[in-house]
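Our numbering numbers the first residue of the sequence shown as 1 and each following residue consecutively.
In short, the hints are calculated from the structure, not lab data.
Treat the hints loosely; a few may be bogus.
[To be verified] Listed below are the simulated DSS-like cross-link pairs for lysine-lysine, each with C-alpha atoms no more than 30 angstroms apart in a straight line:
id, residue 1, residue 2
1, 125, 170
2, 67, 135
3, 67, 125
[Stated by the list, open to error] Across the chosen pairs, the derived CB separations fall in these ranges:
id, residue 1, residue 2, range
4, 367, 5, 33 to 41 angstroms
5, 20, 363, 45 to 53 angstroms
6, 65, 244, 50 to 58 angstroms
7, 64, 86, 18 to 26 angstroms
8, 336, 140, 56 to 64 angstroms
9, 350, 89, 35 to 43 angstroms
10, 334, 106, 52 to 60 angstroms
A virtual CB, placed ideally from N, CA and C, is assigned to each residue, including glycine.
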Amino acid sequence: MEVIKGGVTAAEGFKAASCEANIKYKDRTDMAFVYSEAPCVCAGTFTSNVVKAACVQWDKQIVDSGKPMQAVVINSGIANACTGKEGFDACEATAKAVEKSLGVDYETVAVASTGVIGMQLPVDKLVAGVEKMSKTLDGSIDAGTDASKAIMTTDTVNKEVAVSFDIAGKKVTLGGMSKGSGMIHPNMCTMLAFLTTDIAIEKSLLQDAVSEVVSDTFNMITVDGDTSTNDTLLCMANGKAGNNPIKEKNDDYETFKNALFYVCEFLAKKMAADGEGASKLFEAKVVNAKTKDDARTLSRAIVGSNLSKAAIFGCDANFGRFLCAMGYSGAQFDQNDVELFFESKAGRIEVFHKGTPLDFDEDEALKIMKEETVTVFVDMHEGDAQATAWGCDLTYDYVKINADYRS
Numbered sequence: 001m002e003v004i005k006g007g008v009t010a011a012e013g014f015k016a017a018s019c020e021a022n023i024k025y026k027d028r029t030d031m032a033f034v035y036s037e038a039p040c041v042c043a044g045t046f047t048s049n050v051v052k053a054a055c056v057q058w059d060k061q062i063v064d065s066g067k068p069m070q071a072v073v074i075n076s077g078i079a080n081a082c083t084g085k086e087g088f089d090a091c092e093a094t095a096k097a098v099e100k101s102l103g104v105d106y107e108t109v110a111v112a113s114t115g116v117i118g119m120q121l122p123v124d125k126l127v128a129g130v131e132k133m134s135k136t137l138d139g140s141i142d143a144g145t146d147a148s149k150a151i152m153t154t155d156t157v158n159k160e161v162a163v164s165f166d167i168a169g170k171k172v173t174l175g176g177m178s179k180g181s182g183m184i185h186p187n188m189c190t191m192l193a194f195l196t197t198d199i200a201i202e203k204s205l206l207q208d209a210v211s212e213v214v215s216d217t218f219n220m221i222t223v224d225g226d227t228s229t230n231d232t233l234l235c236m237a238n239g240k241a242g243n244n245p246i247k248e249k250n251d252d253y254e255t256f257k258n259a260l261f262y263v264c265e266f267l268a269k270k271m272a273a274d275g276e277g278a279s280k281l282f283e284a285k286v287v288n289a290k291t292k293d294d295a296r297t298l299s300r301a302i303v304g305s306n307l308s309k310a311a312i313f314g315c316d317a318n319f320g321r322f323l324c325a326m327g328y329s330g331a332q333f334d335q336n337d338v339e340l341f342f343e344s345k346a347g348r349i350e351v352f353h354k355g356t357p358l359d360f361d362e363d364e365a366l367k368i369m370k371e372e373t374v375t376v377f378v379d380m381h382e383g384d385a386q387a388t389a390w391g392c393d394l395t396y397d398y399v400k401i402n403a404d405y406r407s
């Protein structure tokens with residue numbers, strides 16, 4: 001596998017566009033369009049929140065129906081959540097605008113929104129945006145990058161990645177873009193992600209691969225403990241790589257799934273590091289747990305604790321906060337088996353050893369915790385399962401950003 005430049009336009013047959021539609025923001029792009037020259041098999045995962053945005057309901061219909069997907073239109077600024085029939089009608093109007101502009105069946109057009117909950121979308125601006133972008137769709141790397149910037153809300157950086165790999169002598173490419181900075185919490189964490197690939201694969205296997213990978217990537221990040229109404233991940237595969245279609249879980253399937261994991265983990269970590277107001281990526285790695293579920297539960301609890309996040313911000317090696325979070329996580333374990341370390345590129349230090357606090361060099365711990373990425377490494381000594389979760393520190397700026405988010 002090779003990491004290459006680009007995002008959603010890296011794979012053969014995919015184009016992208018973006019525009020200023022003035023949905024809510026001024027003087028910046030706020031709509032994006034991703035289009036495949038050929039119909040795609042599709043897979044998706046969506047928010048676990050019972051309150052689901054209209055666009056989530058629309059996209060879920062497409063994914064569950066077995067129909068192909070050929071395009072997705074995304075807007076930022078307004079989430080189209082808690083908007084009733086009018087919100088669902090806005091999804092249909094957007095999709096039908098694509099049908100009118102490109103001749104693509106509107107029932108194969110996905111839509112996604114991110115932004116303020118409870119506001120109605122200006123349909124006239126959505127339709128005008130689709131018409132404008134339909135004329136500027138382009139397969140260049142820059143077009144994909146511009147699309148990744150147009151879907152940002154409180155994100156401070158755009159997030160995209162692409163890889164290429166070999167399937168039975170055929171070059172296959174997988175690219176993706178995502179946005180997410182706040183309202184991020186498993187499961188499916190306001191997170192949007194769009195993946196495009198030219199691989200030929202059966203729909204059921206694509207869905208299996210996406211669902212498996214999401215469990216250990218996007219579902220292992222948290223910023224603030226709030227699961228959004230809009231969380232959506234869509235993966236489109238148009239088959240243009242020309243490989244023999246993957247119809248079983250063989251070596252080719254595993255090769256694809258490994259590439260998918262890399263792309264999803266990369267984007268997930270980018271989102272965690274770009275959490276609202278964040279200054280650090282906060283990682284928790286739990287090894288030798290009794291079960292995979294325990295490892296996931298424990299690592300999520302560590303990065304999800306506000307007290308732990310505050311300690312990471314303050315560079316305070318207060319290991320009690322992390323052990324406390326593990327203790328109320330719901331996973332059962334013996335604290336006398338646990339070893340806990342702090343790690344970063346500046347070094348590694350053990351602070352708790354099998355039930356006993358250790359005397360450690362506070363200056364050394366401070367040096368380790370001042371780095372931009374800090375890992376809490378926990379060895380449970382109770383099994384062979386492991387998991388990693390990602391979050392960020394809790395800073396003063398998080399409150400500032402969210403106190404006036406609607407303004």
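Each hint tested on the structure:
1. 125 / 170: violated (42 angstroms)
2. 67 / 135: holds (25 angstroms)
3. 67 / 125: holds (28 angstroms)
4. 367 / 5: 33 to 41 angstroms: About 35 angstroms separates the Cβ atoms of residue 367 and residue 5, which means 33 to 41 angstroms holds.
5. 20 / 363: 45 to 53 angstroms: Check passed, 51 angstroms falls within 45 to 53 angstroms.
6. 65 / 244: 50 to 58 angstroms: violated (26 angstroms)
7. 64 / 86: 18 to 26 angstroms: holds (23 angstroms)
8. 336 / 140: 56 to 64 angstroms: At roughly 58 angstroms between Cβ atoms, residue 140 and residue 336 fall inside 56 to 64 angstroms, so the hint holds.
9. 350 / 89: 35 to 43 angstroms: violated (58 angstroms)
10. 334 / 106: 52 to 60 angstroms: holds (57 angstroms)
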